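Working from the sequences, and respecting the hints, build out all of it.
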Amino acid sequence: MMKRFFTIFFLAIITVIAFYVSGIISVSPSPYNGVAKYMVDYTIQKTHALNSVTAIVFDFRGYDTLGESFVLCTAVTGVAVILRKAVKGGRKDETK
Amino acid sequence: MKQNKKEKKEKKAKNIIIKCGCDFLLPITLVLGMYIILHGHLSPGGGFQGGVVVSAAVVLVFLAYGNDGIRKTFAPDKMKVTENIGSLMYTFFGLLGILMGANFCRNAIFNIGNPGDLYSSGTIFWMNFSVGLKVMMGIGFMLIVMLRVLDVKNE
Amino acid sequence: MIVNYIGSFIVIILGFYMVLVKKNLLKIVVGLSLIDSGTNLLLISFGYRPASTAPIFDNAAQELSHQPFVDPVPQALTLTSIVIGACVTALALSLVIKVYEHYGSINADNVRRLNG
Chain A
27 MMKRFFTIFF
37 LAIITVIAFY
47 VSGIISVSPS
57 PYNGVAKYMV
67 DYTIQKTHAL
77 NSVTAIVFDF
87 RGYDTLGESF
97 VLCTAVTGVA
107 VILRKAVKGG
117 RKDETK
Chain B
14 MKQNKKEKKE
24 KKAKNIIIKC
34 GCDFLLPITL
44 VLGMYIILHG
54 HLSPGGGFQG
64 GVVVSAAVVL
74 VFLAYGNDGI
84 RKTFAPDKMK
94 VTENIGSLMY
104 TFFGLLGILM
114 GANFCRNAIF
124 NIGNPGDLYS
134 SGTIFWMNFS
144 VGLKVMMGIG
154 FMLIVMLRVL
164 DVKNE
Chain C
27 MIVNYIGSFI
37 VIILGFYMVL
47 VKKNLLKIVV
57 GLSLIDSGTN
67 LLLISFGYRP
77 ASTAPIFDNA
87 AQELSHQPFV
97 DPVPQALTLT
107 SIVIGACVTA
117 LALSLVIKVY
127 EHYGSINADN
137 VRRLNG
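Residue numbers (this note's numbering), protein chains in the order written: chain A, 27 to 122; chain B, 14 to 168; chain C, 27 to 142.
Hints in this document: simulated from the structure, not taken from any laboratory. Predicted model, so just to flag it, every value in this text is computed and none were measured. Virtual Cβ for every residue (Gly too), placed ideally from N, Cα, C. Be aware that a few hints might be false.
Computed cross-link-like contacts, SDA-like style, restricted to lysine to any residue with a CA-CA straight-line distance of at most 25 Å [stated by the list, open to error]: (1) C:K48 - A:R30; (2) A:K111 - B:K91; (3) C:K124 - C:L52.
Computed beta-carbon distance windows for the label pairs [what the hints assert, rightly or not]: (4) C:F72 - A:R110: 38 to 44 Å; (5) A:K114 - B:S56: 38 to 44 Å; (6) A:I50 - B:G114: 44 to 50 Å; (7) B:Y48 - C:N85: 49 to 55 Å; (8) A:K114 - B:K85: 17 to 23 Å; (9) A:I51 - C:L52: 29 to 35 Å.
Some chain C residues well away from chain B (every beta-carbon gap over 12 Å; in silico) [to be verified]: (10) G33; (11) L46; (12) A87.
This is how it looks when you write it as structure tokens:
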């Protein structure tokens, strides 16, 4: 009971701080200069693609996407290792 | 006796409306997913979204025909190999920048075709395709393995 | 838009509450997914600009100053975040399946090494 009370108390404090911060953020809009302006301005010139988000994901930040695809590969391998009884059981049924 | 009842229950659950609905939705899902992958540089979407839409075919086949249908339709070993081939394709198109004399992941062949054509924007098109291949095979394999757990427990 | 920020913070805090208080392991996984969704909403809200459209050109000759775009960089980062969130959810669910096979229950009190 005491543990739950402390949890709710600290979460209430975090909620108040978050509302204060969101009030501060919403006053000043997104500045939109620097790297975003560069990427939008040079999307057609440097990549010949119309979709700006795809140009960022696959061209300007291609190294990031490489790491992301390795994360996906690791997750698939981890699921296959943890549930290897299911993988093996399916194989056994195929040979029957 | 009890098993007979269970089998009857399973047969009753997969009735004709679900089967016909899944047969009707399956080609539409596959074509829509491939459209989203191939038009990733022109319209909203890309490799990840289209791959997930294509891999929903596994869930549709499971809803209509159960685990036996999945066992007849898909080959999980080949799917795992194809996922790794997609990852290698992405690395190759990243290395193409070095081969053409620039840095890694540089779009070195971007000036083939006009902007707005289907085949344009150089390596972005091929990277979309390889990531779509990787995501559809990876998520499909994960779904197959996690749906087979239901079948193992009954035996 | 202050409504977006407040809504995403509420979603994140509800996720924290579920992770900290609930005892069912499936509900903890749902809480992790809620934190992920709230973070995605917050990232998308950072890039908002009033009176602007999605960052996609109609044709190659469109003028930039005619109709401004929203910030495309947080959208690309959110795309990365969604895929990683899906991977985390899949791994956590398979771990829950393994825990149920080993202990016969998904209540965290009955699992010997997870109670506390």
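To see whether the hints hold, each was checked on the structure:
1. C:K48 - A:R30: holds, 10 Å
2. A:K111 - B:K91: holds, 19 Å
3. C:K124 - C:L52: Holds - the C-alpha atoms of C:L52 and C:K124 are around 12 Å apart, at most 25 Å.
4. C:F72 - A:R110: 38 to 44 Å: Taking Cβ atoms as reference, C:F72 and A:R110 lie about 41 Å apart, which means the hint holds.
5. A:K114 - B:S56: 38 to 44 Å: Given a distance of about 42 Å, which is inside 38 to 44 Å, the answer is holds.
6. A:I50 - B:G114: 44 to 50 Å: holds, 48 Å
7. B:Y48 - C:N85: 49 to 55 Å: Given range 49 to 55 Å: violated, Cβ gap about 20 Å.
8. A:K114 - B:K85: 17 to 23 Å: Roughly 19 Å apart at Cβ, these two residues keep to the hinted range, so it holds.
9. A:I51 - C:L52: 29 to 35 Å: This hint holds: roughly 34 Å between Cβ atoms.
10. G33: holds, 23 Å
11. L46: Consistent with the label, C:L46 stays out of reach of chain B, its closest Cβ about 27 Å off (over 12 Å).
12. A87: violated, 9 Å
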